[in-house]
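> Protein chains in written order, with the working numbering: chain G, 7 to 362; chain A, 7 to 362.
Where hints are given, some of them may not hold.
Intra- or inter-copy, both count: the list cannot distinguish identical chains.
What the hints assert, rightly or not - In silico BS3-like links for lysine-lysine, alpha-carbon gap of 25 Å or less: (1) K295 with K360; (2) K346 with K256; (3) K141 with K320; (4) K170 with K271; (5) K347 with K256; (6) K321 with K356; (7) K44 with K14.
Treat the hints as calculated values from the structure; they're not laboratory data.
Number of protein chains: 2
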Amino acid sequence: MDRSNHHKANPYLMTRSLIPENQETPIQFIKTDIVDHKLFYRRNHFPYPTLSYSNYYLPINGMVSTPILLSMQDILQFPSKTIPVVLECSGDKRNLFKPKVFGEQWEKGAISQGYWKGVPLRSLLELSGIREGAKEIVVEGYDFGDRTDLNKVFTYARSLPIEKALHPDTIIAYEYNNQPIPFKHGYPLRLIVPQWYAMASVKWIKQIRVISSHFEGPFQSIDYMYYPNKENNKDAFPVTTVNVNSTIQKPLDMEILNTGKHLIKGIAWSGKGFITNLEISVDGGGTWKNAKLEPARRGGYAWQSWSYEWTVSKKGNYMIMSKATDSYGRIQPTVPFWNKKGYGYNAIDKIKVKVE
Amino acid sequence: MDRSNHHKANPYLMTRSLIPENQETPIQFIKTDIVDHKLFYRRNHFPYPTLSYSNYYLPINGMVSTPILLSMQDILQFPSKTIPVVLECSGDKRNLFKPKVFGEQWEKGAISQGYWKGVPLRSLLELSGIREGAKEIVVEGYDFGDRTDLNKVFTYARSLPIEKALHPDTIIAYEYNNQPIPFKHGYPLRLIVPQWYAMASVKWIKQIRVISSHFEGPFQSIDYMYYPNKENNKDAFPVTTVNVNSTIQKPLDMEILNTGKHLIKGIAWSGKGFITNLEISVDGGGTWKNAKLEPARRGGYAWQSWSYEWTVSKKGNYMIMSKATDSYGRIQPTVPFWNKKGYGYNAIDKIKVKVE
Chain G
7 MDRSNHHKAN
17 PYLMTRSLIP
27 ENQETPIQFI
37 KTDIVDHKLF
47 YRRNHFPYPT
57 LSYSNYYLPI
67 NGMVSTPILL
77 SMQDILQFPS
87 KTIPVVLECS
97 GDKRNLFKPK
107 VFGEQWEKGA
117 ISQGYWKGVP
127 LRSLLELSGI
137 REGAKEIVVE
147 GYDFGDRTDL
157 NKVFTYARSL
167 PIEKALHPDT
177 IIAYEYNNQP
187 IPFKHGYPLR
197 LIVPQWYAMA
207 SVKWIKQIRV
217 ISSHFEGPFQ
227 SIDYMYYPNK
237 ENNKDAFPVT
247 TVNVNSTIQK
257 PLDMEILNTG
267 KHLIKGIAWS
277 GKGFITNLEI
287 SVDGGGTWKN
297 AKLEPARRGG
307 YAWQSWSYEW
317 TVSKKGNYMI
327 MSKATDSYGR
337 IQPTVPFWNK
347 KGYGYNAIDK
357 IKVKVE
Chain A
7 MDRSNHHKAN
17 PYLMTRSLIP
27 ENQETPIQFI
37 KTDIVDHKLF
47 YRRNHFPYPT
57 LSYSNYYLPI
67 NGMVSTPILL
77 SMQDILQFPS
87 KTIPVVLECS
97 GDKRNLFKPK
107 VFGEQWEKGA
117 ISQGYWKGVP
127 LRSLLELSGI
137 REGAKEIVVE
147 GYDFGDRTDL
157 NKVFTYARSL
167 PIEKALHPDT
177 IIAYEYNNQP
187 IPFKHGYPLR
197 LIVPQWYAMA
207 SVKWIKQIRV
217 ISSHFEGPFQ
227 SIDYMYYPNK
237 ENNKDAFPVT
247 TVNVNSTIQK
257 PLDMEILNTG
267 KHLIKGIAWS
277 GKGFITNLEI
287 SVDGGGTWKN
297 AKLEPARRGG
307 YAWQSWSYEW
317 TVSKKGNYMI
327 MSKATDSYGR
337 IQPTVPFWNK
347 KGYGYNAIDK
357 IKVKVE
């Protein structure tokens, strides 16, 4: 028996923990702008929940004119939207902080993107009505478990301020890349909050509540807060908008290259506007040149790919850096904003290579 | 439709590069002593080769009394041996060297083990006979490609000194864990050299040659040499026997734990004899206690699992360390033996955890 021997090499998710399941996208090896769900990073706070699909209803209650209960059938009747959105875990690149920060040691792959299709949360809230005095919208998931720090069982829940909840691109999604959302990513319904770190995009939605106060659940009063001080919790403030950021996908860190032409490539993204400029340094920040930057997609929130053709004739060690600027003038800093829980890392990306 | 929602979390191989394919075993998440072939790390120098199985013959030639050509059928007639063997890439843990070393950034997972079944190389060499003056046995694989440093195409090939080649446990393997060796791990025949780093265990064997000189192929004259000096190639010597070593699998580095009981667990292995002692420190090396160590398997070359029950009542940061000693009295060093290409890392393993 002869075989054709076409043995394709494929990347896989990279495991950070199994219970709960936290797995990272092999971002250096992602060649397309749309990430297949199998390589979409997985970030969980609890074991996967159990829910009954045959009996699935979405309640919207609290400070509303009319509490409503929507079936999947009802939700599919609303005009839908399909938006390319980059979702980035706020702990992405935590592993790069110095001094190191405890928690999941995400490298550069707690980020993925694709097309999310759903109905604007706004449309559903217009149906229920929002009563005067309403302040926030709490979205609760089906996932729950013990928080050992508080010695109590909690359901994963997060709130949005009214204005963010009413943004026309904040959607209750039911499809990812033209398919029902895979279970591990929130089937049947997932909140998608473009421009915010992905802890806001609650999976397996159980209910939506309109409240008149500030929601104090532990996933926004304890976790997902920036704590700038090592010794105390002073000056803490919430994690929300995605920072301007970029990642070098190629070459790999510590790679050995030959002299000659090399394509340096990567991605850049921001939670405010879009990327307007991507600069590359091949001399550790001494000089900078503009990379070729893919234009922003209209009406979307996707990362932008970039590339830079590097011709290197001199052997030696090089530090390659990428620095993104967004349309709000935000620029990646040289030094990251260190915070105790390790959120929002967005320093200039850098790798080393040896040319021989 | 209701679903049972048993969404199991599985670890996957961790990609270091795709061309050639280099993927690491998620060693922290391997719970058994026998690694499934799907999670066996993949280490390649070249793209996967093409070979004709229907027409597969193994030639043994050079300084032999009778050059022979063996079919798979012939090889299966010989008395076989099944041995548990740990294979470790000599670049395993390269990522931990300080200063950092260029090349594949293997973390702790370029190691796997399982049952290899095959015929002793010795039996085949007894059939062909070895002529006087023979010095080494060269085993060549089907994999080949351009070595850009030498600007020339090479086939992957390595030699063994006669005495190592004649060791009764140096086998020409055709099964892994009771199945034909998976293609990516050397189907149909792979040399298995217990106790040596895995670069010696040549995959996809093409031919075996007996030679009267020292083989100078680049995979043992350039690569797989320890270069102790940063600036020159002086005092280089070949990579052979696996160093005494251990890896902490649990807890994870930078994990956050509660006060109470925790099982610290891991593996230890050596290329000389077996592990006689595994010590644990939970105070960064200040004090050491013996872990519970699984006894060595008879007649095999497997790693030994170990565990240590740690009761911690005081909150704070801890550095956990593991230190193995083998039956030859070799002990893991505090500081690794730094070498330019980053082989043989075996310093005392260490991780940090926070107890809160």
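> Run every hint past the structure and note whether it holds.
Results of checking the hints against the structure:
1. K295 with K360: within (20 Å within a copy, 42 Å between copies)
2. K346 with K256: Classified as between: cross-chain Cα gap 23 Å, same-chain 30 Å, threshold 25 Å.
3. K141 with K320: The answer is neither: 61 Å in one copy and 41 Å across copies each exceed 25 Å.
4. K170 with K271: neither (33 Å within a copy, 46 Å between copies)
5. K347 with K256: Between copies only: 21 Å across chains, 29 Å inside a chain, cut-off 25 Å.
6. K321 with K356: Classified as within: same-chain Cα gap 19 Å, cross-chain 35 Å, threshold 25 Å.
7. K44 with K14: both (16 Å within a copy, 14 Å between copies)
In this structure, the hints that do not hold are numbers 3 and 4, in rising order.
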